[in-house]
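J.: The chain contents come next:
Protein chains: 2
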Amino acid sequence: MHINEQLQAAELRVELGDRSYPIWIGSKLVERLGELCLSKQLSTKSPMMIITDTHVEALHLSTAKQSLEAAGYRVAVHVVPAGESSKSLSHLEACITTALEAGLDRKSAVVALGGGVVGDLAGFVAASYMRGVRFIQVPTTILAHDSSVGGKVAVNHPLAKNIIGAFYQPEMVVYDTSTLLTLPLREVRAGLAEMLKHGLIWDQRFADWCLEHADELLSLREEVLQYGLYAGCAVKAQVVSKDEREQDLRAILNLGHTIGHALEAVGQYGELLHGEAISIGMIGSAMLAERLGEAADILPYTRRMIEAFGLPTQIPASYDTEDIMSAMMHDKKFSEGEMVFVVPTAIGKVEIRRDVPVALVREIVDELKGGARG
Amino acid sequence: MHINEQLQAAELRVELGDRSYPIWIGSKLVERLGELCLSKQLSTKSPMMIITDTHVEALHLSTAKQSLEAAGYRVAVHVVPAGESSKSLSHLEACITTALEAGLDRKSAVVALGGGVVGDLAGFVAASYMRGVRFIQVPTTILAHDSSVGGKVAVNHPLAKNIIGAFYQPEMVVYDTSTLLTLPLREVRAGLAEMLKHGLIWDQRFADWCLEHADELLSLREEVLQYGLYAGCAVKAQVVSKDEREQDLRAILNLGHTIGHALEAVGQYGELLHGEAISIGMIGSAMLAERLGEAADILPYTRRMIEAFGLPTQIPASYDTEDIMSAMMHDKKFSEGEMVFVVPTAIGKVEIRRDVPVALVREIVDELKGGARG
Ligand SMILES: NC(=O)c1ccc[n+]([C@@H]2O[C@H](COP(=O)([O-])OP(=O)(O)OC[C@H]3O[C@@H](n4cnc5c(N)ncnc54)[C@H](O)[C@@H]3O)[C@@H](O)[C@H]2O)c1
Ligand SMILES: NC(=O)c1ccc[n+]([C@@H]2O[C@H](COP(=O)([O-])OP(=O)(O)OC[C@H]3O[C@@H](n4cnc5c(N)ncnc54)[C@H](O)[C@@H]3O)[C@@H](O)[C@H]2O)c1
Ligand SMILES: [Zn+2]
Ligand SMILES: [Zn+2]
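Top to bottom, those sequences are chains A and B.
Residues in the first sequence are numbered consecutively from 1, following the numbering used here.
Residues in the second sequence are numbered consecutively from 1, following the numbering used here.
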């Protein structure tokens, strides 16, 4: 972990040529947001806009706003309702109304203060307002260590999630682990699921470290969290640096997501959190690995990990197998009888298999609903 | 003019590194759209979507669609009402509904068949659907020789034009001069105004050529039109190649636009066409040049040009000077008493002046309303 002494924070660089940017991870960084913006040469002549949601507004907005104002910035605020439904074109339009009324110009910055919902929405606002203004990510959930790296920003369409968006990189990511202390435990667990995924797809030592530090992570020990977020972001950053626009490699980030997305859809995006759904999906991928003859330790290891973090390993019994299958088929339009899946080949390693029989996936879904094996 | 023998069309390349693309200009190219898409390796496995408006639908859609289908493409069509109001987020959402229902995927292309309205809307659809799919411009207005080059795509917000968008380059531009034969004369004139602008800002010989060929251009002689569009696109392409993201040079494309935009706003975007408004604006800029001591031939030359094309040289008498001034000030938020203007310094040459006194601009606006001088 590279420590920036001056900032007293870990510093990670996402390497993307002239779109490279730093991620700072540390305690109480939101109190220093103004200073950090000055250090990135953001002009105090142009107004800024913070986008946040109702929960985060109550908890962390005033700290962020005061810090920016103390540094000399004029700050407009746009608050959206907490929850996925704020990722819509109508909220995008409302954000842009606020930006226009506050007089944001081409040199202005949009600051996302919140979790993945706020980050994705604010990122698309920044990408599209005047065809692109500066963008600062201030993630306040653990899940956002995933969503704030990689430059995917988007809103939803009534017929499909994340379908309207852009690749748009932030200027910097300011990850203040103190903000995470107010997260509900269920959100903590769900966010950690993506951290586990980053270990499982790329880095066995990091996966082992997560397993060993499960309790400290769950109880939000800041220094432990900082290392976990750093290492998780580092995996994502490496994958994204090699494949910014999702040509091939980036697909490995979808471990557990094919089944996971289907479960979220069947639960109408209201029952399972994303991290919970992909936890079940990662168990499914490990079962698939076993059936396809990959290393024997993958399934028990994955299960141990998911359980250590109190995340679900089974599909709710009320979910219909055929509904799940058809959500999966719809999602990707698989051709005749075979599906594309991210399959582990060892702890810390995965491959993309394009030849997974639909029948085998159906069997595994059945088992995930509490069938005999596994 | 570079002629591609195989295509029997003029070919111009917009140089933008790995986003470079060709513009083909010729007669009856829409009949060969399918062939051209195949030549660009657009897969016939992925469905395409044509976006067009009600006027163009009636005139040119079937030719385009048949050509694509004959080449093996499945083609969905989305038709928006003709007119500026189709450049909105709600039409964007409707286009994306059509795309989803037709199963457009990451390898699909969006085809803009129409004028600048359709091009700007469809371009933003292409830029944002799945975070970016392929984009083909098939401009059917003369004005679109401007809008189809440069990669600016956008929709409007109730409070501001073109404020939500992206920089997104097309794969190719297929400019079929036969489609222009159905244009109403008023649209022809207005489109030619941007062509004149391209001469005035960059290329005296081209400006002279326009003046000499005014009648042939107005009567839509195809070979003459082809050369004019080629040369006009070439100016825009050169400027854009040097400054894709509008840092500095690109601002010269705004000759006549500061006053022009204000006139469009005061007329509530329903009275003057864009090309008409900027024609008056270009007269205004030439008057400014005269007052600021630039070459004496600029104003008479500009006036002769605008008149030769039957474009307006005066502000409608009913427009209030203060309304125009405040639309202008609002547009750019000029600081204490000085404004930024593109000012001609010779025929074919302009510079950006940041020191134009507001009082002088007010005088010129008054004169443009039919005052004594000019
Ligand atoms: N762009 C990407 O690459 C990417 C990757 C993964 C997920 N995502 C997106 O991220 C979203 C999910 O992210 P999320 O889980 O962070 O959701 P979220 O933003 O909805 O946050 C979860 C909940 O926690 C609350 N919250 C946020 N910070 C808090 C804090 N510090 N204290 C207390 N409560 C707090 C929120 O108000 C919300 O109720 C989804 O929309 C998903 O599509 C995007
Ligand atoms: N992106 C850019 O760089 C850029 C530059 C300049 C202008 N623009 C935008 O372009 C738009 C204006 O473009 P426009 O003047 O082409 O407007 P437009 O697309 O509305 O077309 C003008 C009219 O002509 C009709 N029409 C189009 N093709 C026709 C044909 N072949 N035959 C008969 N009728 C036809 C249209 O239906 C419409 O009624 C504005 O929205 C402006 O903001 C964009
Ligand atoms: Zn995820
Ligand atoms: Zn124009």
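Source of the hints: derived by calculation from the structure; they are not laboratory data.
There could be a bad hint or two in this list.
List time: in silico DMTMM-like cross-link candidates among lysine to aspartate or glutamate, alpha-carbon distance up to 25 Å [unchecked claim]:
id, chain 1, residue 1, chain 2, residue 2
1, A, Lys242, A, Glu351
2, A, Lys45, B, Glu338
3, B, Lys107, A, Glu246
4, A, Lys40, B, Glu338
5, A, Lys40, B, Glu244
6, B, Lys45, A, Glu290
Predicted, not measured: the structure shown is a model, and the values here were computed from it.
J.: For each hint, tell me whether it holds in the structure or not.
T.: Hint check results:
Between Lys242(A) and Glu351(A), the direct Cα distance comes to roughly 16 Å. Compliance with the 25 Å bound is thereby established for this hinted pair. With a C-alpha separation of about 18 Å, the suggested pairing of Lys45(A) with Glu338(B) holds against the 25 Å cut-off. Distance hint between Lys107(B) and Glu246(A) is fulfilled; the C-alpha atoms sit about 12 Å from each other, no more than 25 Å. For the hint linking Lys40(A) to Glu338(B), the alpha-carbon distance of about 30 Å lies beyond 25 Å, and the restraint is violated.
This hinted pair checks out: Lys40(A) and Glu244(B) have alpha carbons roughly 23 Å apart, not beyond 25 Å. At roughly 34 Å between alpha-carbon atoms, Lys45(B) and Glu290(A) are farther apart than 25 Å, so this suggested pair is violated.
Comparing the model with each earlier hint shows violations of hints 4, 6; every other hint is respected.
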